[in-house]
Every structure is written in C-alpha cells, then in structure tokens.
Amino acid sequence: MPSKVIPVPKTPKEAHNPHRPAGTLLRSQALHLHEALKWHMREVQALLAINPRTLHTEGAISKYIQKVTAVLHPHAAKQQIKQGGES
Amino acid sequence: MSKGLDALKHIVVLMMENRSFDHMLGGLKVPGINGLKGDEWNPDTLGNKVKVSQSAKFQGQLKKDPDHHFPGVDMQIFGGQKGDNRVVNMKGFVLDYFTQTNNVNDSHAIMNYFKPDDLPILTNLATEFAFFNTWFASIPGPTICNRAFAHYGTSFGQVGMDFFYLLDPILSIYERMIRGGHTSKLYYYNQASSTMEVVNLLKNQPQLFGTFEQFIADCKNGVLPEYSFIEPCYSDQIGDDGGAIIASDQHPDHDVREGERFMATVYDAIRINPDLWQSTVLLIVYDEHGGIYDHLVPPDCTPGGYTASGEATGTGVPFTFNRLGVRVPAVLISPWIPRGTIVSPLKPDGTMQNQRNFEHASIPNTVTNHFLPDFDQNNQRTEREKKSETFLDLLTDTMRPDDDCIAFDL
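Chains as they are written, first to last, in the numbering used here: chain A, 1 to 87; chain B, 88 to 497.
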C-alpha cells in the first residue's frame, strides 16, 4: 500500500461552459479537420470513379476491395500494421 | 544500461496545453529548482514595475487568451526591442498581454503563479519523481508547430497554426515504430475533442489512433503499446448522455483542476497495474507557455535546416529555428527514478549544474534511440532531433518499493 495517498480535488460544476467562445486552437483544429475531410472525399471520389465491372483478375479486384474497405472500415488495416506493413 | 532501462517496455507522453514553468511550478520551494524568487518583474504600459504574484486562479483570470503566436512571443521575450543587436530579456509579457486585455490591471495577471498546494497532482509528481528545470517549447510560437516537434522532431519550417504538408523523408515517431515492427498509439480524449494531429496522421494512419477510454482499458488489460501519446480534452462539451464534460487540457481559460484530475487518472491507470508500473516511464509536458510569464531565457539550439520567412513569422524578420521557445513544466515518472530528482539543478550560487536543454524533439529522439537504434540508416529524421537531449538516463538501478510511490485518491 502506498504510504502517501493524495486526494484529488473535484472540479466544480461551474467550471463547465460550453458557451465559451472558441479560441484559435479549436478554430484551427476545425479547419484542419475540414481539410482532412476534403482529402478523404478525394479518395472516395477516386474510388467511385472506378467501375468494378472493368476489373477482371483476382489481384485487381482484391486491390479494389482493399481500398474500399479501408475507407468504409479503417480499422481493418490494424492487422497489417501489427505485422509491420504500411497502411 | 541501468536496470530501470533494461526493464523499460513502455514510454507514455501526456502533453498538456499552454502554461509556463514559473506559472505552474515556479512557486515550489525545493533546493535546486530554478523557480521564482518573488522579485521578478515586467513593466506595464504605464511604466510601472509589475512583480510576479502568487495569486494565479484556476479559472477566470485569463479569460482573454494570452497571445502565444510568433510575433506575440517575440514581444514577450525581447520586451519590444527591434534590430540585430537585441537581447532576450523576458520583459514584454505584461506589455503583450495588454494588447489582449486593453486594461492595465488585467494585463498584470500574466505575471501570476500558483501556490504549490493549489496543484497537488503536478507538484507531488514533480517532487516525488523528477522534474526538468530546462525543458523548453521547441518554437517561440503556438500549439500546432510545437506539437509537430513532439511527433516529427520538426515542424517542417512552420511557426504557426496553419495547415501544413509533410515533407519526405521525415516520418512521424508513430510511423517509425510501426515500420520497425513495434507498437504505437495516439490516444485522443473522445471524438468531440479529437486530435490536434488530424491532418497529418488521421488521413494516413487511422489505426494509430485510440480514445482515452481505450487507453484506460489497454493499461488494465496489459496491452499498452510500446509508445503512447495522450491528448487531453480540448473543449467543454455536452456528452451523449447530456452530462457535462469539462476540458482537461488546462488551456486558458479552462479550469486547471480538471487537468490535474486528468494527470492523476493517467498516472493511476499505469500505477494500479504492477507489471505496467515497473516497465513504464510517463512524461507529462506542456506544449508551450501560452503567453504566460517565465523568467528563464530560452537558449539557442541546433537550427534543423529550415527557415521561416519574415512574412511567415509576422515580425518581418526570418527565423532559422536557432532558438527554443519559452520554458514549460515537464515531469518524468517511474519507480526507477529517485524521489526529488531535478534535471539541471540550480547550485547555491545560482548557476545550473550540467545544464541540459530539453525540447519536444527530445521525445521522438528518446523513443527512436530506445526502440529503433538502427533507424538512422535512412536519414529519416532531422539533425535538430538527433542533437536534442534524451531522458532515459534518469532511470536508475534501484526500483522504489510500492509503498514508497504516491497514489491518488480520485
């Protein structure tokens, strides 16, 4: 058992103010998210431009499925990462 | 190699927001600290001397966010001097805060600092383990460019908050770890808070991200990655259940106590798992000073190969990344660290012993050197990072017993 236990003060409820005007940090974060979303949409649009009916080999179709799945379910890439591969 | 280093399996970094060393720890009275004497001062716009004051409040005193963009910090550290021969004097904090407050009395609040008893978590962690007298922000500027140094060892020439593109071949510390067959994760608080690394990492490596809830679970289940970076909650939110979620980043004007609770929660998550506690080192550090007074002059550093133009800095003068930003609090925690350790302790004559200047590039440098000793073969990091100080030498051969390490009652 630790010989020194330090009580952690509670933060008063009055500290919470979701109506506080956002500062430059949060505004910048929102802008960066917007930019990231545009990148994301470009990726999606590029995939939508591919007609799956034009893909005929297992290799080509599996590559397409990999890219689409990565968009729809990003965490699917987790296993690859654990194995040391790139996303 | 020390026994502590030999036992090390996990490095965890918690990066808080916008408080200077003197503001948070300058009031501590322990031998060796380079804190405040009480007679440090800045002039105000009327020419009055404004001394530091142990009267910082948890919230409400810095409602106007102190300027911490490049021109503002330039004003703070040079006191408004211009020209080639100017010298850093740390005399412009009150003058600069007046530009936000437009009120002379309110501008004095930038000189306030906390009583140690007001911050029981940070001050106890600092005195029970190790704190750094000389950890500085990487850039005399705002959040995004400074946090970039913690992730990449460089800001790619940026000194501001703008969106920026990554430049090959520099890899983030997370990508380095993954490519090297190691594990790494960046835990943000929740989706409504998200990450400040969203543009640079979320696009390419979404699987590298987790939430704080997952961090707690990973600690409990013994599956914490080898390197973890934690982001606090950046905003006051209304939760999905309608309850209040209070920002824990300590960015003014968020309540400092909630940040204290967050630090205690992170510490506790590691502390209660015996295997994890013995094999982990936790660094708590602030991204930059947030425009708040510190007395220590930022030192020169290895430039790192970039130049920000006079237009980009906003001062009309280019910046070659040859000087660090303002000093910030930094605390290193592990049972392998003796109580009361101070990095670069102050001697009785007022000089520092073995002054070692740390900055945020020290984080990827430390992690890379420990987990990826052969990484440099592809020249994928900057000279600035490689020449930065590392901190794992603070781990010793002796592990403190469980009852010798503090606990928090949350």
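These are computed hints drawn from the structure, not numbers from a lab.
Take the hints with a grain of salt, since some may be wrong.
[As the list claims (entries may be wrong)] Chain B residues, not near chain A, derived (Cβ > 12 Å throughout):
1) 150
2) 281
3) 308
4) 332
5) 345
6) 428
[Said to hold, decoys possible] Covered stretches of chain B, as calculated for chain A (at least 3 residues, CB under 8 Å):
7) 413–422
8) 480–493
Beta carbons: idealized from backbone N, C-alpha and C, even for Gly.
How the hints compare with the structure:
1. The non-interface label for residue 150 of chain B is inconsistent with chain A: the shortest C-beta to C-beta separation is roughly 9 Å, within 12 Å.
2. Not every Cβ of chain A is farther than 12 Å from the Cβ of residue 281 of chain B; the closest lies at roughly 7 Å, contradicting the non-interface assignment.
3. Every beta carbon of chain A lies more than 12 Å from that of residue 308 of chain B, the smallest distance being close to 16 Å; the non-interface claim holds.
4. At roughly 8 Å, the least C-beta separation between residue 332 of chain B and chain A is not larger than 12 Å, which violates its mark as non-interface.
5. Under the 12 Å C-beta cut-off, the non-interface status given to residue 345 of chain B relative to chain A is violated; the minimum distance is some 4 Å.
6. Listed as a non-interface residue, residue 428 of chain B keeps its Cβ farther than 12 Å from every Cβ of chain A; the least gap is roughly 17 Å.
7. For the stretch 413–422 of chain B, the stated coverage by chain A is not satisfied: 0 residues place a CB nearer than 8 Å to a CB of that chain, which falls below the threshold of 3.
8. Counting residues of the stretch 480–493 of chain B whose beta-carbon sits less than 8 Å from any beta-carbon of chain A gives 5, enough to reach three: the coverage restraint holds.
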